[in-house]
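From first to last, the protein sequence lines stand for chains A and B.
All you need for the numbering used here is the position in the first sequence, starting with 1, plus 928.
All you need for the numbering used here is the position in the second sequence, starting with 1, plus 266.
These are computed hints drawn from the structure, not numbers from a lab.
Being a predicted model, the structure only gives us computed values, none of them experimental.
Each residue gets a CB set at the ideal place from its N, CA and C atoms; glycine is no exception.
Treat the hints with care, since some could be wrong.
What the hints assert, rightly or not - Quick partial rundown of chain B residues pointing at chain A, CB under 8 Å, derived from the structure:
1. A300
2. P523
3. P557
4. Y560
5. A564
6. V568
What the hints assert, rightly or not - Computed footprint of chain B on chain A; a stretch qualifies when at least three of its residues, placed anywhere within it, have a C-beta under 8 Å from a C-beta of chain B:
7. 980-989
8. 1000-1012
9. 1100-1109
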Amino acid sequence: MRTRSAKKLAQRIDLNYFKHAHPLRRWRARLSIAAPIAGLLWLGGLAAAGSRAAYSSGPVSAAHAFTESKCESCHVRDASFRAHVGDKACLTCHDGPAHAGNQVAPPECATCHREHQGRVALAKTPEEFCVRCHGDLSVVDPRRAVPGPPGAIPPPRVANAIIAFPSGHPEFSAIRSGSKDPGTLKFNHAVHMKSELRGPTGPETLHCTGCHTPEMTSASPQRRRQLGSMSPLNYEQQCARCHPMFFDERIDVQAPHEQTRIVHAFVERALREYINAHPAEISKPDPPPRRLPLNFPQPPAPPARNADEWVAGRLVRAQRAWFRTCDGCHDYMGGESGPPGGYSGPIVGVTLVKAWMPHAKFDHRPHLMVECASCHAAAQSTKTSDVLMPKLETCATCHAPGQGAASRCSECHGYHDWTKEHAVEPRFKASDFK
Amino acid sequence: MRIDKTHRRWAIATLAIFVVAVLLYVPYAGRAGAPSGGSWPGLAYGMAGFGMMLYAGAIGARKKVRVWRIGRAQTWMRGHLWLGLLSLPLIVLHAGFTFGGGLTSLLMWLFVVVAVSGVAGAWLQHTMPLRLLREVPMETIYDQIAHVRAQLLGEADTVVAEACGQLEFEAIAPSAVDAYARTAGTTVALSSTAAATALATTERVDAEASSPLREFYMREMRGFVKRPTSAHPLADPSVAQARFEKLRALVPPDFHPAVADLENICEEERQLMRQSRLHRVLHGWLLVHVPLSYALLALAVVHIVMALRY
Chain A
929 MRTRSAKKLA
939 QRIDLNYFKH
949 AHPLRRWRAR
959 LSIAAPIAGL
969 LWLGGLAAAG
979 SRAAYSSGPV
989 SAAHAFTESK
999 CESCHVRDAS
1009 FRAHVGDKAC
1019 LTCHDGPAHA
1029 GNQVAPPECA
1039 TCHREHQGRV
1049 ALAKTPEEFC
1059 VRCHGDLSVV
1069 DPRRAVPGPP
1079 GAIPPPRVAN
1089 AIIAFPSGHP
1099 EFSAIRSGSK
1109 DPGTLKFNHA
1119 VHMKSELRGP
1129 TGPETLHCTG
1139 CHTPEMTSAS
1149 PQRRRQLGSM
1159 SPLNYEQQCA
1169 RCHPMFFDER
1179 IDVQAPHEQT
1189 RIVHAFVERA
1199 LREYINAHPA
1209 EISKPDPPPR
1219 RLPLNFPQPP
1229 APPARNADEW
1239 VAGRLVRAQR
1249 AWFRTCDGCH
1259 DYMGGESGPP
1269 GGYSGPIVGV
1279 TLVKAWMPHA
1289 KFDHRPHLMV
1299 ECASCHAAAQ
1309 STKTSDVLMP
1319 KLETCATCHA
1329 PGQGAASRCS
1339 ECHGYHDWTK
1349 EHAVEPRFKA
1359 SDFK
Chain B
267 MRIDKTHRRW
277 AIATLAIFVV
287 AVLLYVPYAG
297 RAGAPSGGSW
307 PGLAYGMAGF
317 GMMLYAGAIG
327 ARKKVRVWRI
337 GRAQTWMRGH
347 LWLGLLSLPL
357 IVLHAGFTFG
367 GGLTSLLMWL
377 FVVVAVSGVA
387 GAWLQHTMPL
397 RLLREVPMET
407 IYDQIAHVRA
417 QLLGEADTVV
427 AEACGQLEFE
437 AIAPSAVDAY
447 ARTAGTTVAL
457 SSTAAATALA
467 TTERVDAEAS
477 SPLREFYMRE
487 MRGFVKRPTS
497 AHPLADPSVA
507 QARFEKLRAL
517 VPPDFHPAVA
527 DLENICEEER
537 QLMRQSRLHR
547 VLHGWLLVHV
557 PLSYALLALA
567 VVHIVMALRY
């Protein structure tokens, strides 16, 4: 009968067993050598192929994608072992004008523009970088701020506790209490937005986009800031269709949109040339008015006995028509009671506000799906002095944390003062990035 | 190593460090810019995590040079378990919850595999020894299994030779035992003993009465003892029991003690098979954990050098 005594079991043991590694141990030892070597060989292979992608902490931004495999473009080795990206490397290709003359301790470029975060837009920095200072702003004495060139936008007076948008952000200066539109062009939005207005070809209803269109392209890099803002208004494009400067039904020429003196001279000359060419018209009645602005009701011209009377009578009729057209938009110098020298007196030059928010930028293009009236209360505006800019809370409907649309400071504000931009001397050749 | 109440202080310390690290991370993550390994807090997490990785990896050196009296082996193992486990979240905080690309991505995945295999290994080390104790009462030293098997074969041959007379098979030595047993120099002695015993008993054995035992052994059991496989019928305890019951019915009662011995040898073979299987499970994870740990440490050093450079 088999027995398993301790002595018998002990006698079964080969006392030299430890001299021979078991397969599991042998394989463990082999793999422990092979695994690190495989890893190092992989890195060595990449290095031999000239690739340093293994050491990249992530894809570079879309704008720098062409330097993806040219680390040394930005990682310039200094005297030490390090090849850290400093401001010098950035300024090789980019100018980075100062933010504000009184800024305390300007950060390095890479502090805000974080590379290797994927194909992101590097300029769209998170608001945390701005809040770092503007959340508790401590600036040096504003009187020491470096003044800008003549005509430059003055440094903004800034709120000093902006945590995010809209938290801590002041109401837009354009619509703060007491703000008025300083424009000199008289305009009643409410009237123009009525339905069935008298148009050149019959009744029509105007829409905002009939007059206001965002600037979609910009040929000049200097004007990139205005891209997406509303195109400048002018008489020829926005007004002339409904407010033409015809002055007589028999003459298919419009008066120039110029100062009254020039207009008056042009019309008088045109009437005189016409009647000299058609003397038979002196005794004929005027044709019925059919086009703007001549079709506004007014008494008929008195009968003329000669060319001078005919011209003078037609000139008065034209002036009456223009009174409704010109005076509707323009002020005459000397006040509304009556310009010196009748209606031929000079009109006040037109000034329009070019940028309601000079320290911010707004691009209408991404907002085209939103009705204009959602932000601009134009239909209720009857005065020229009404400011039709939206309130901060209107923007915050969408642009606020948790509302979906981005609310970064950089959405509206730029950090660098591009008015101080300098041209950069090219340092690379295209072949450097091959 | 069983994870019992002796680990309590390590577990509490690990949890405390983890909580502190996370609490410090919250204001750091709320600061401007995404957390990155290159920032000062990120570097601090990285250095702490790498220090713990080094400590966890040093257990390999500690095991290699056992004469070094640098702390108790149990303390090293507890530190390996808990600090190694803690190093993963610290490195994740260092990386700002991103895996990066290229080398850093490889490092993170290696780390995840090493940590997961380590946790799995700790669980196996916690549970398997008890299972081995319960399921393999005839357990032997794992490295001795081949050697013991060779002896079991010799023992079975002897039992059958004593009962049935000289056996007609190729000499056991040297081809009947594995290479390990050969190198141990024991096989020749075993086979010689079996042969001598067989010769001495040949005369007194009734060949006809013992033939079922001889047939069973030569045709069925010896192959199993020589090269045990799970596909063999005798590897199944219930099948084996039925075969041996049938054998008992075929041989005179005088042979029953020999049958019992053979049945016991089969049982020991089965237990050795089970021990081998459980041992492979108990230690197989080390084939992943240890090599990848070395690769992780080597590549981490490269990562540190290159990260400091760029």
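- Holds or violated: the stretch 980-989 of chain A covered by chain B, criterion of 3 or more residues with Cβ-Cβ distance under 8 Å? This one holds; 7 residues, not fewer than the three required, reach chain B with a Cβ under 8 Å.
- Let me know if the C-beta of Y560/B comes in closer than 8 Å to any C-beta of chain A, holds or violated. holds, 5 Å
- Task: Test coverage of the stretch 1100-1109 of chain A by chain B using CB-CB distances below 8 Å; three residues minimum.
- Result: violated (count 0)
- Restraint satisfaction for P557/B [CB to CB of chain A, less than 8 Å]: Holds: closest Cβ of chain A sits about 4 Å from P557/B, inside 8 Å.
- Message: Hint validation: P523/B versus chain A, beta carbon distance must be below 8 Å. Holds or violated?
- Response: holds, 6 Å
- Tell me if V568/B is really an interface residue toward chain A, meaning its C-beta lies closer than 8 Å to one of theirs. Holds, about 6 Å.
- Item | Given hint A564/B near chain A, where the shortest CB pair must fall under 8 Å | holds, 4 Å
- Query: Can the stretch 1000-1012 of chain A be counted as covered by chain B under the rule of three residues or more with Cβ-Cβ separation shorter than 8 Å?
  - Reply: Coverage by chain B holds for the stretch 1000-1012 of chain A (5 residues, Cβ < 8 Å).
- Task: Verify the interface restraint on A300/B: the C-beta must sit less than 8 Å from at least one C-beta of chain A.
- Result: Holds. Min distance 7 Å.
Violated hint for the displayed structure: number 9, the only one.
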